[in-house]
Amino acid sequence: MVSVDLFTTLCLGTIIVLVYHYLVKKYHYFLSKPIPCVKPTILVGTSGPLLFRKRDLATHMKVMYSAFPDAKIIGMYDLTSPIYMLRDPDMIKKLAIKDFDHFTDHGPYLTNGRTDDNAGGDSLFGNSLFAMRGQKWRDMRATLSPAFTGSRMRPIFELVTKCGRSMATFFKEEARAGRKLEYEMKDTFQRYGNDVIATVAFGIEVDSMRDYNNEFFEMATKMLSFSSWKMVPLMVIMRVLAALGQKTNMDFMDSKLSDHFKKMISDNMKQREVNKIVRNDMINILMEVRNGSLKHQQDEQDTKDAGFATVEESSVGKTTHSRKWTDNELFAQCFLFFIAGFDTASTLMSFLAYELSVNPEIQERLHEEIRQTEDSLKTKPLSYEVLQKMQYLDQVVSEALRKWSPNMQLDRYCRKDYLYDDNAGTRFVIEQGHMVVIPVIAMHHDPQYFPEPERFDPERFSEENRLKINTGAYLPFGVGPRNCIGSRLALMEVKSIFYHLVRDFRLVLSGKTQVPLKMAKHPFALLVEGGLWVEFKPRM
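5 is the number of the first residue of the sequence shown in the working numbering; add one for each residue after it.
Because the hints were derived from the structure by calculation, they are not lab data.
It is possible that part of the hints are untrue.
To be verified - Quick list of in silico lysine-lysine cross-link-like pairs, BS3-like style, CA-CA up to 30 Å:
#, residue 1, residue 2
1, Lys43, Lys76
2, Lys382, Lys166
3, Lys97, Lys166
4, Lys525, Lys58
5, Lys30, Lys525
6, Lys66, Lys522
7, Lys176, Lys541
8, Lys328, Lys274
9, Lys176, Lys382
10, Lys541, Lys393
11, Lys140, Lys322
12, Lys43, Lys30
13, Lys328, Lys407
14, Lys266, Lys328
Unchecked claim - Listed next, with one range per pair, are the computed distances between beta-carbon atoms:
#, residue 1, residue 2, range
15, Phe432, Lys58, 26 to 36 Å
16, Leu16, Leu531, 23 to 33 Å
17, Thr18, Ser326, 54 to 64 Å
18, Lys176, Leu381, 15 to 25 Å
19, Arg543, His325, 43 to 53 Å
20, Lys43, Gln518, 29 to 39 Å
21, Leu55, Asp425, 26 to 36 Å
22, Glu292, Leu471, 31 to 41 Å
23, Thr430, Glu292, 22 to 32 Å
24, Arg327, Gly515, 50 to 60 Å
Predicted, not measured: the structure shown is a model, and the values here were computed from it.
Glycine included, each C-beta is placed from N, C-alpha and C at the ideal position.
Based on the sequences and whatever the hints tell you, model everything.
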């Protein structure tokens, strides 16, 4: 019995030692590279503080970014997988724009470890523009690009601004009824974003402040809450299996919710076809895509008047192709815009409301610009062109995107071996299959590029000062051909609601909000513990 126990112990000990040495060897990758590396912890690499909720993502990015302040690129480990963090603006533009053909895709953990062009399978998220890969992504980008030009935004603007007017009217009615207008901003702007996406993308009119539990809002909430708790363990499993060369068939989205979402769009399309309904929204655009009638239009005026943060379409989005899209692939694009409009934009708007409430002098200057705009309009309604030309509003939104960028990091997957050369003596190969991360939020808070980064200062983006901004260090909507296709729509959505809110109300910080803000230790999102509470006080 003793000899058996001893043999078992020796076998287990040998296995443990072999596994330990295997794992330790995985962390030797950067020893052969002429760059510094953040010290990893076995099994979790440098991701431990995120996985164990010790840090929020923004703080984690800043800590990693600051580890080697003089380096242009550093090494890290996502669990056992080596990844590069690119922290030099010029090299970011070089990899993401000039050498884009090496870095066209996001990481394969979004597509169950698959790296082929059809990696999305049947999932909504996997077939979205964000997760698509290779030539399939190029074709979808070119397909959708015409839908997001300035000429397309103009007819959509009335749908968006109607939602803003409706919310402002609701608050006025509440004030007249003697109710205190104290709201949690994330929830409030998710409701606004829900109404915007419902009308712009799906042709459905809802009012989520009055109809608090409408079906559309409930569906969005379920989608996000389901994905949120499921995301971390699923991504860990996917990354481990991907590192072992295994492909999976898991999805972030509940199949019942996914099927309901697809049916809603399909029924909407069928109803329009039968009744010959034409409406300026995303459903109509997808129907144009399906019959091949959506074309790219040149819009020089839009480029001229676009806000500072707007990203321009590259040549990729202006190419032609003959690919036919399945209904599932088209539905997936609606899903992406649904999530982006509901969650990502609401994050930005929440923090912008907070900044205006704690910076009353900035809020009053913005109000003065709005008042002057109202005077110039006389009895005419606000138009897309007028909103685009509001300089201080653009400065305020641009600064909010800097300080509180919802897109805290970008990632690029190396599709083929890449010779990294910074022309300053650092030269090595980034092998195919490795990931490069761009720490957007950390660069936005680097005093080298933005002095006094914790101060909310719209003057950074004045006509005079914006020329001094290093565009490789300001990336709220991404960089290169893989930037955010919906930047114009997002900016229009944000500017429209704040035009109406600041015109009619003073935003005052509620005592329910902790100051200074205490960030929730969330691995993906910018969230505040206890929420961001602001009170709207009617202007006299």
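Verification of the supplied hints:
Distance hint between Lys43 and Lys76 is fulfilled; the C-alpha atoms sit about 17 Å from each other, no more than 30 Å. A distance of roughly 18 Å separates the Cα atoms of Lys382 and Lys166; the hinted pair therefore holds under the 30 Å criterion. About 38 Å separates the Cα atoms of Lys97 and Lys166, which puts this hinted pair outside 30 Å; it is violated. Restraint check for Lys525 and Lys58: satisfied, since their Cα atoms lie roughly 6 Å apart, inside the 30 Å limit.
Annotation: proposed proximity of Lys30 to Lys525 holds, straight-line Cα distance about 28 Å (limit 30 Å). At roughly 16 Å between alpha-carbon atoms, Lys66 and Lys522 fall within 30 Å of each other, so this suggested pair holds. Taking the CA atoms of Lys176 and Lys541, the gap is about 9 Å. The hint holds against a cut of 30 Å. Between the alpha carbons of Lys328 and Lys274 the distance comes to roughly 19 Å, so the proposed pair stays at or under 30 Å and holds.
With a C-alpha separation of about 21 Å, the suggested pair Lys176 and Lys382 falls inside the 30 Å cut-off, and the hint holds. As the CA atoms of Lys541 and Lys393 are separated by approximately 27 Å, the hinted pair is consistent with the 30 Å bound. For the suggested pair Lys140 and Lys322, the alpha carbons sit about 15 Å apart, so the restraint of at most 30 Å is met. With a C-alpha separation of about 13 Å, the suggested pair Lys43 and Lys30 falls inside the 30 Å cut-off, and the hint holds.
For the suggested pair Lys328 and Lys407, the alpha carbons sit about 41 Å apart, so the restraint of at most 30 Å is broken. Under the criterion of a C-alpha separation no larger than 30 Å, the hint pairing Lys266 with Lys328 is consistent with the structure, at around 18 Å. Between Phe432 and Lys58 the beta carbons are some 32 Å apart, a value that agrees with the proposed interval 26 to 36 Å. For the pair Leu16 and Leu531, the supplied restraint of 23 to 33 Å is violated, since their beta-carbon distance comes to about 43 Å.
Checking the proposed 54 to 64 Å range against Thr18 and Ser326 shows it holds: the Cβ atoms sit about 58 Å from each other. At roughly 19 Å, the beta carbons of Lys176 and Leu381 sit within the given window of 15 to 25 Å. For Arg543 and His325, the Cβ-Cβ distance of about 52 Å falls inside the hinted range of 43 to 53 Å, so the restraint holds. Between Lys43 and Gln518 the CB atoms are about 33 Å apart, so this pair conforms to the stated range of 29 to 39 Å.
A hinted range of 26 to 36 Å holds for the C-beta pair Leu55 and Asp425, which are about 34 Å apart. At about 39 Å, the beta-carbon gap between Glu292 and Leu471 stays in the expected band of 31 to 41 Å. About 48 Å separates the C-beta atoms of Thr430 and Glu292, a value inconsistent with the hinted range of 22 to 32 Å. Under the hint 50 to 60 Å, the C-beta atoms of Arg327 and Gly515, about 55 Å apart, fit the expected range.
Violated hints, listed in ascending order, are 3, 13, 16 and 23; each of the other numbered hints is respected by the structure.
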